[in-house]
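Protein sequences, first through last, are from chains Z and A. Everything in the first sequence is counted per the numbering used here, starting at 13 for the first residue and increasing by one. Everything in the second sequence is counted per the numbering used here, starting at 13 for the first residue and increasing by one.
These are calculated hints, taken from the structure and not from any lab test. Since we're looking at a predicted model, the values are computed, not measured. Possibly wrong hints are sitting among the right ones.
Same chains, same names: a pair is fine if it fits in one copy or spans any two.
[As the list claims (entries may be wrong)] Listed below are the simulated BS3-like cross-link pairs for lysine-lysine, each with C-alpha atoms no more than 30 Å apart in a straight line: (1) 43 with 337; (2) 73 with 132; (3) 73 with 163; (4) 259 with 132; (5) 43 with 259; (6) 308 with 28; (7) 43 with 325; (8) 314 with 73; (9) 325 with 337; (10) 28 with 259; (11) 163 with 132; (12) 28 with 73; (13) 132 with 308; (14) 259 with 337.
Number of protein chains: 2
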Amino acid sequence: MTDFKLSCPVPAAPQKTVTLGHGSGGLLMKKLIRDIFLAAFPDPALHDEHDGAILEPCQDKLAFATDSFVIRPIFFPGGDIGSLAVHGTANDLAMCGAQPLYLSCGFILEEGLDLEELEKAARSMARAADEIGLRIVTGDTKVVERGKGDKIYINTAGVGRVITENPILPSRVRPGDAVLLSGDVGAHGAAILSVREGLRFETQLVSDAAHLWPQVRALLESESEIHCLRDLTRGGLAAALNEIAEKSGCAVAVEEELIAIMPEVEGACEMFGLDPLSLACEGRFIAFVANGYQEKALAALKGAGCAAAIIGKVLESPAGEVRLKTHLGVERILDAPSGEALPRIC
Amino acid sequence: MTDFKLSCPVPAAPQKTVTLGHGSGGLLMKKLIRDIFLAAFPDPALHDEHDGAILEPCQDKLAFATDSFVIRPIFFPGGDIGSLAVHGTANDLAMCGAQPLYLSCGFILEEGLDLEELEKAARSMARAADEIGLRIVTGDTKVVERGKGDKIYINTAGVGRVITENPILPSRVRPGDAVLLSGDVGAHGAAILSVREGLRFETQLVSDAAHLWPQVRALLESESEIHCLRDLTRGGLAAALNEIAEKSGCAVAVEEELIAIMPEVEGACEMFGLDPLSLACEGRFIAFVANGYQEKALAALKGAGCAAAIIGKVLESPAGEVRLKTHLGVERILDAPSGEALPRIC
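So that you can see chain Z by itself, here it is in the shape it has in the complex (with noise of 0.2 Å):
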């Protein structure tokens, strides 16, 4: 051995998390775009490393949506915070009757978060878009000192192309709407609870998490006079109906025994005592849907791939009102829910 070799610098360990110089616009902050990023993402509009991405004309509307995802655990049975930031955006698109195209995506960064944590999301947005083909385009990334931050918050704003003739909105509600709910809800809430609380089912309670344009698109081409959709997030089943009663001035009448919930959704419900129709979805919407048109409707979705059900119509008062017919045939209020169950759920 060889004074030579003694006197060699050890190569450094490669970097192994994130550190305030990732933020810091400068060399370090180009490497990680590069080695996560843009080794992520494909678009040559990302690649340009330009302030923005240039988008072609379109003859239609647009709809441009956003969502900042701040989930606890990041990574969770049936998603992770990266499939979860595409879907959520890509899906407030889709409830504006509106294909997904582009995403944009800010990324908040705690300092210390482990890369190999951040490029598993990364690669898992990536998946997600090119699932839908939508485009992520441009981006930002922000580092936070330690205990500032949880981990990654990941802001998408998306934009999209109008595919409807007549907008789709809660003031186009009308008493004689049907509601349609596209699949048994509260699996998003459950799986979160269920991860957090160290809960153990017989089968594993997965998230619903998933994007919604293949089952919006077959809706909307189905030819129903479709008058406005809501996917159910915070607040689940229970929020999404008072909101649109309220902004309607309609009433809503929906029944308990048509509403599908998985058991174990239930069961989990009941061991915490939280509400499924409360809880949140992160792949599930409702539609309303003008009267005449909802066996046409049901039957889009169905051919979609849904598990979707006529769950109650429209009525004309009392006005903002949601009832619910339970499954002793007793008629209640459906409140939205007031505080918070669940926090970061999504």
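For chain Z, the structure is supplied; the task is to place chain A on it using the hints.
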């Protein structure tokens, strides 16, 4: 005094801070959105309270950009996180040659945040957007636990209408291009530093934070041939010049004596051993202008009220290198900053 009076419930004091319930998707969140965001942001698209906003069709190409803002402190001399969140993304659109039209905003609030501070920031956003004619059309609110955020983080994404025929991109920069700088550098970084460190100067250091669209429009309408625009944010002038040099495969040569820096900024930098050329600005940009057009471009910028200057030019080689001719007449390489001199500057 009667028993009745004593038994009257004391009216609950109105909530003055953000709670986890404000992020629930329920009634508390709705109240927060209406009392603060809808009260500050007048746009009808936002008041539809739908999952996204509908934008009118546009014959031109669109630009799409995003930025997250994690600045500390959230109020500083010359701006605040609200105005910064509008200017930052509007400026990114301007750098694409696009008139800023629509903005989304995603708030990540820390439990315990003073609602008055949130309201002040939201109003500042609204004012900043109004000044540019930018519509805040869609948004999202999340709440994280105390110690998992830092008061307010804001993401904005923006959509703008491209008014240039030719793309404005780093890859279009050519040897012979003149490098124009729109004003003095480093005031934003120095102002944040002075607040954090409690520095006092004879005149107060004020951030240069501003929207750049009127200046960029004047430049684009001057019929100068503009190859690239870049605003100076994190990493300052040094980072921006290095990025463009690298992406274009050219060299850039600039002269220190042509780069304006306020004496207070120089002073703060000397005290802390910082380089003003690597200090963030939030209201300055550089323009790469084809040879022969630089005087016309300079006149346009001056006409728009900028203390602009031609600070250098693009050379064929060495590819990716930025050279600075110092006050002493010596040439040296101006590197991009590597790590983080001032974290959370925007």
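Here's how the hints hold up against the structure:
1. 43 with 337: Between copies only: 28 Å across chains, 58 Å inside a chain, cut-off 30 Å.
2. 73 with 132: neither (35 Å within a copy, 33 Å between copies)
3. 73 with 163: neither (37 Å within a copy, 36 Å between copies)
4. 259 with 132: between (40 Å within a copy, 27 Å between copies)
5. 43 with 259: between (47 Å within a copy, 14 Å between copies)
6. 308 with 28: The answer is neither: 54 Å in one copy and 49 Å across copies each exceed 30 Å.
7. 43 with 325: Answer is between; shortest inter-copy Cα gap is 27 Å, intra-copy 55 Å.
8. 314 with 73: Cα proximity of residue 314 and residue 73: one copy only (28 Å, versus 38 Å across).
9. 325 with 337: Close inside one copy (12 Å), not across copies (75 Å); limit 30 Å.
10. 28 with 259: This pair counts as between: shortest inter-copy Cα distance 27 Å, intra-copy 49 Å.
11. 163 with 132: So residue 163 and residue 132 pass the 30 Å test inside a copy (13 Å) and across (28 Å) alike.
12. 28 with 73: neither (44 Å within a copy, 40 Å between copies)
13. 132 with 308: For residue 132 and residue 308, neither the intra-copy (41 Å) nor the inter-copy (49 Å) Cα distance is at most 30 Å.
14. 259 with 337: within (22 Å within a copy, 63 Å between copies)
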